[in-house]
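Undergrad: Residues per chain are reported as follows:
4 protein chains.
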Amino acid sequence: MNAADWFARSLALLKPAARPAPAAPDAPRPLAERLRATLRREPEALTPSALRRLLAQLQGVADPHVSEVEAGRRARQVMAWYAGAGAAERRDLWLLLVDRFAPDAEEVRAARAHYDAALGTPEQGAAEIRLRSAFVSPRTRVLQRFAVDRGGLRFLVDLRAELLPQLKGERWLLPLDAELQALFSTWFDVPFLELRRISWDSPASLIEKLIQYEAVHDIRSWADVKNRLDSDRRCYGFFHPGLPDEPLIFVEVALIDHLAAGIAPLLDEQAAVDDIAKATTAIFYSISNTQAGLRGVSFGDSLIKRVVETLREEFPQLRQFATLSPIPGFRGWLAKNADAMRARLPERLRAELDRALGGESVPAAAERALALDEKSPVRQFLLRSAAQYLGRELDDGRPLDPVARFHLGNGARVERLNWAGDPSPKGLKQSCGLMVNYLYDLRRLDKHRAMTLAGRIPLSSEVERLLL
Amino acid sequence: MNAADWFARSLALLKPAARPAPAAPDAPRPLAERLRATLRREPEALTPSALRRLLAQLQGVADPHVSEVEAGRRARQVMAWYAGAGAAERRDLWLLLVDRFAPDAEEVRAARAHYDAALGTPEQGAAEIRLRSAFVSPRTRVLQRFAVDRGGLRFLVDLRAELLPQLKGERWLLPLDAELQALFSTWFDVPFLELRRISWDSPASLIEKLIQYEAVHDIRSWADVKNRLDSDRRCYGFFHPGLPDEPLIFVEVALIDHLAAGIAPLLDEQAAVDDIAKATTAIFYSISNTQAGLRGVSFGDSLIKRVVETLREEFPQLRQFATLSPIPGFRGWLAKNADAMRARLPERLRAELDRALGGESVPAAAERALALDEKSPVRQFLLRSAAQYLGRELDDGRPLDPVARFHLGNGARVERLNWAGDPSPKGLKQSCGLMVNYLYDLRRLDKHRAMTLAGRIPLSSEVERLLL
Amino acid sequence: MNAADWFARSLALLKPAARPAPAAPDAPRPLAERLRATLRREPEALTPSALRRLLAQLQGVADPHVSEVEAGRRARQVMAWYAGAGAAERRDLWLLLVDRFAPDAEEVRAARAHYDAALGTPEQGAAEIRLRSAFVSPRTRVLQRFAVDRGGLRFLVDLRAELLPQLKGERWLLPLDAELQALFSTWFDVPFLELRRISWDSPASLIEKLIQYEAVHDIRSWADVKNRLDSDRRCYGFFHPGLPDEPLIFVEVALIDHLAAGIAPLLDEQAAVDDIAKATTAIFYSISNTQAGLRGVSFGDSLIKRVVETLREEFPQLRQFATLSPIPGFRGWLAKNADAMRARLPERLRAELDRALGGESVPAAAERALALDEKSPVRQFLLRSAAQYLGRELDDGRPLDPVARFHLGNGARVERLNWAGDPSPKGLKQSCGLMVNYLYDLRRLDKHRAMTLAGRIPLSSEVERLLL
Amino acid sequence: MNAADWFARSLALLKPAARPAPAAPDAPRPLAERLRATLRREPEALTPSALRRLLAQLQGVADPHVSEVEAGRRARQVMAWYAGAGAAERRDLWLLLVDRFAPDAEEVRAARAHYDAALGTPEQGAAEIRLRSAFVSPRTRVLQRFAVDRGGLRFLVDLRAELLPQLKGERWLLPLDAELQALFSTWFDVPFLELRRISWDSPASLIEKLIQYEAVHDIRSWADVKNRLDSDRRCYGFFHPGLPDEPLIFVEVALIDHLAAGIAPLLDEQAAVDDIAKATTAIFYSISNTQAGLRGVSFGDSLIKRVVETLREEFPQLRQFATLSPIPGFRGWLAKNADAMRARLPERLRAELDRALGGESVPAAAERALALDEKSPVRQFLLRSAAQYLGRELDDGRPLDPVARFHLGNGARVERLNWAGDPSPKGLKQSCGLMVNYLYDLRRLDKHRAMTLAGRIPLSSEVERLLL
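These protein sequence lines map, in sequence, to chains G, L, F and B.
Add 438 to the 1-based position in the first sequence for my numbering, that's all there is to it.
Add 438 to the 1-based position in the second sequence for my numbering, that's all there is to it.
Add 438 to the 1-based position in the third sequence for my numbering, that's all there is to it.
Add 438 to the 1-based position in the fourth sequence for my numbering, that's all there is to it.
The shape of chain G in the complex, shown without the other chains:
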């Protein structure tokens, strides 16, 4: 008997779920069939009896007759088991959550019938309520009860982080993922988030997390992070009461007197501290999400807006809020589109470019980007291409570049391209060393957002001029 078989049998041996699974009772339990067929059962998975035991435990958590506190206690036991479980055992838990705690099909059917009959009558409101609550699965209750305990939120967020990379291959996990995302969306709703400044006076354990989570410009040392928390900098994060020591997202800001053109001066630990009293410009130079498990729950827009408010209160003299951002997708896009871009050039420029390339391909020449002087036709070509990439290229109506998508979606506009803004190997590899400023013009956020939604990327006239 192979693993798939004994699992199928073990499923058959399971006591009936507290509520029947959604499939019609006369049908041959198609989900289980499918699972039987597709799950490659590994020897490390649970034995049938352990599976039955785990199911019973989960049913104990779901039991509507049990108090929140008792259910929380039971959930704690499952969490303790999970902490010590292997990958295959954990999958078994996911499977049970998907398969055995779906909404009650009978009740869904009855509620639908009621709703259909009530449409347009005074009963419609009540019927709507009934139908919606029929869709609240026992699975929801199980997950909510995991959250009763202090560590429960941590557990659920980590569980989803584990589950997300599997989603693509195993679509049967989707309902569990959707349920988690729905719960997270209310639990981590912006009003429940606390904006906290992170400074050199913050707990070392928290600053250590910045080092670990920073996703844009790696933090190399404690001296590096100390520089980023200097008196001319600000760092803010969103925190949630259920994950009290964890910044869910954080942003690093430099307060200076000009629109920053390159990242190196900002990361230079030896640079003198700027005179904050003269700052006119807040540069958001790094923004990092920290919890993979919270994918799809967005905080970034709110974070930036709240930070802008906070900064304006502390520094009324600030006139300009902008980012200094990487263009992570540019070089990959260019590799595929260099020829098309070249083709758009007016005759004269194309000739200049070809002469400058001397037979080399654009991607190959881009390797030497940092060495190109200001007049270089290759440099001009790269800048024009970047303007095209950021200003015109859409994917399903939205900006192609992921960072552009984020900031333009928040209502920013593309303000300036910065040659050699990031001369690091990573910068060269991603974007030929280019960086971009997105400007948050507070009076035009909604206008710019609407333009972006309509597929017209808002650009400064300077960037506009680079377009072909």
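Derived from the structure by calculation, the hints contain no laboratory data.
Treat the hints loosely; a few may be bogus.
Copies of the same chain are indistinguishable here, so a pair counts whether it falls within one copy or spans any two.
Derived EDC-like pairs: lysine to aspartate or glutamate, alpha-carbon spacing no greater than 16 Å straight-line [claimed, not checked]:
{"hint": "1", "residue 1": "LYS606", "residue 2": "GLU561"}
{"hint": "2", "residue 1": "LYS885", "residue 2": "ASP501"}
{"hint": "3", "residue 1": "LYS664", "residue 2": "GLU646"}
Following the hints, put chains L, F and B in place on chain G, whose structure we already have.
TA: Then chains L, F and B, alone, in the frame of chain G:
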């Protein structure tokens, strides 16, 4: 033209809602019809143009293309308007929320079709997700965005408190109420509540709220509340980060060395402070919900369990956790059931009772309850009736008395009846001066809860013996 | 044998002090003699053996070879004993502290000889140090070690509060009092005080202390104190880390748009809250010291200055800082000086006054002060007398009135007299209902203080004009 | 004119001090003479006019007629000047403080006469007070007023840290130093210190200070300090409200199940975390004072005692409190005393030692200490010598080794010598790699302290046996 007419007209004038209302487009907009027919429009209601303006504002809040922060700003404007609005104007807002922000009927229909087709196929999970999100109404988004702002939660809780008393007469408000309750259930989920001790060192502004909210034994003065916060007492409340200075529910506990038999010694401001080191028993003598708008979101069970945990940590010597509770429905019940109870008495006791009553009715005799000596047949009769009332009388399978329903539902049992436990006029009027102890036996909470759910009220042998 | 005798004997029985008392050993112990002669020993005092035991305990505390922590433990025992001791027993402790823990006379003598020899040589500095440390009595060490323990500061402050009323009759307590005051002066030095705002959100236990300590205008109820902590009021106190829940001194401030002329509107619980945004004037209408034991350790000046700084930061629009103060000594002074004041009047005014009095004496007429109309010569006379009392009458070069002494010493000036400013019986009795504003003109505090020190009271021209 | 001359002249030009200097007026101002003679005036010192200006400023601070707040403001100006002043200019300030703000000689003389006359009379107490207050110099007031401002304490502690290294050569600074130490002793009295745990959750800025201040075993990196703050470690410091972010002293503790024999395992960043539930022993392995300016103000004893109390509360199962300490003076002492130690050996052991040394000197052989096996006569000799050094060698009646002096003075005893306890180059150089455990036997602290004070060092029997 009467008020109902002009309102009907004003509805007709409204710009079409961002998403159409759920009624079928070919049907003659039945909800609006109903509203037209039933709403008694008062002259204080909004003019058509003001109604249109308000609708536009709400649509601005609901607009999915607007950032959370901007939507929060718009919600703030509506809240400011609402604060100054009259009762009829406020009803107009409710009406708009119910009528104009329902789920998109088209999308619901499509999602249902998809779900039906997917049942039992690998797509079932995704279809379930789609159907559920089709039911997320724009109304939900509006309400969530009201909550973005710090004062937003306060606003929504108060709005529901205003709306609840109207529900009975105006069932068209049900969907709005249900939406609010559903949101509150996740927002005020137990893991987001903070248990805080309230003591004489707590803010005066908070203690003032105890005075205001206390629902069981009125607090008469600051000296009274100080007594309840003495060193031999404990008071705990649940707090939520969105309503930071508001105890959502609170419980008052006395730490003594016996099962309290009467409320008077506990409320006696002159009584000496008990030696807390000798306390063996925690008496929960008052528990009050404070937010009418949170009806149906239950915290009481969790509060008691968490308080028990906290007390056991601080006072490992505690052996007994019990309430001293009123029996608010007893006398009302007795007035209707005295004859039936009398009829159950064995011949001899019935004769004794009749002699003692000397022709007076039981309800009339109950007026003199406090004066009855221990041997009095009337007193015995009242005790037996109370045992019957608490131990046998069910309503739809649940305990008839509301306080009993709460504690027995939490897993407590009926432990002891206390003659003259509450000799106040209110106590006499509600329960002939009787009080009851519910015992929280920590090892039997689930057993007792299950018994109660099964319709068998758990009683101590002492109370059992009182039954006829 | 009478009490004095047995005490004398008991002193003789005492083991020699760790360090000999300051008197020469061959002299017949004059201090002890004096004590023997003057102390009326009461039967409640300690027995000789108990006295010996207490001395041994105190010597244990003083022992320089014992660690701070051990000494603190021993001090705790003495404090526990003291808490249960009667008045006579407590006096015995004071006596021992005075008599048995004085500086070491031998060492003082030697240090003085050294100092005399070193004067004007390079050794002078070292000799000065030695002489000063010779004066550090074992008593200082005992008292410092009482303070090691958390409750120790409380103990010492209360001890001095007990001792102060005895000082006048029993000058032998002076060294103990001086030692305590010297220690308190460093311990309660302004830099160690924390300015804290007290509001309706402060602990009830703290607000209860305001009710108890308020010394100027009695707080009658919780409603009264709530009014004084309203949003248009401020209350600040100084706190010390060693007495963490105790305001050492506190001041009540009203923020209004004029110079307050009477106390009644400020204490009116029903009065509408003022619009704080329009406030131009901060009125300090009550300032109370709370710790009798800290007499001579002054905080008032610093408190007012710190509060002014704090208010200016929060309310930059404030233009005027002033008090509304009682004149507690006026009527007592007037009773003695009415004739002399009358004699100063110009002929015409004196005649008018006499006519208005119609034979009644001024003190008798003052009883009716509140009823006097604006033109009344008696009212004019009382105002002129008050101007004289505040503006000219000195005692040993300092203002005669204690409240005036405080504010003028801080650099304020006499700004305005307010007829019927305090119409309460106490106000009438103290000052014929008059109140006064002292103005803190921030640019002239040092100038005004210098004038006061030079015996010239700074007055506004309005008050100046009232002088005869 | 050389520098000394113009300074002498500048002194002569100074306005007379507020109060005359202590020297007799008829004497030729000997202190000034001495200063003139000994101070090598450098060109960087103040010009006469600047000196006069500074003196005037200090007199402004000292002015008893000025309010605390105003004096604090003036002190702030002097502090700002000092921050920018050079070394020679700073010395000028010290000079002024020493020379111009001494006690008033006239008043001292009068108070002494009064005291002499009052000795043994009822006036003695008052006379004692007067004499003591005569010794309170204007300098004291100046220094106290520097402390009024938040940064003032920092300023004074740093000033003394600057001054201390000069004391030896320039004894004229002694009075200023003594005054500062006296003030610090009351300001930094133990009851005003707060014991705070420092953990990995403490501010990074605070942990950075541990790295900087650690005086026993250098902290090499953030990973190193994180290891020392692990869950099986504790770190506590004393903090003062006037220097809120500064640990005045801190101690590092390991919680393990045995008496630690070597420092390496404790500093091993890779070592597994110990199971704190099994810990029986608290090892104090590093204790560092951080403020040079607080020399002579001792906290160490209290810190250890308070930490012991705190640990016993958190971990009732702890049985043993001990240090693992360096023996910093051992090898230096041995270099001088090896021959004498050898001479004490019994004939047989001496022969063995000589054989093992093979002509090499003991100090030379000690270089190879770590390589010596357990039986080596050289190793035995070194251990015996260390026992002698710690257990018998006194300096002026107190332990010779500074670390021993500290712990034995606190009541600890010498418990065990650990061969190769510190194999680092520093350990080898200071103590041939030896470390020692001092045991804090809580029931014998006072007994052991008394023994040490009497010159008999308390030793365990194991160490006792090593003595010759």
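Undergrad: Would you mind marking each hint as holding or not holding in the structure?
TA: Checked hints:
1. LYS606 - GLU561: between (41 Å within a copy, 13 Å between copies)
2. LYS885 - ASP501: Classified as between: cross-chain Cα gap 14 Å, same-chain 50 Å, threshold 16 Å.
3. LYS664 - GLU646: Both ways: LYS664 and GLU646 sit 11 Å apart in one copy and 10 Å across, limit 16 Å.
Consistency with the previously given hints is maintained throughout, with no hint failing.
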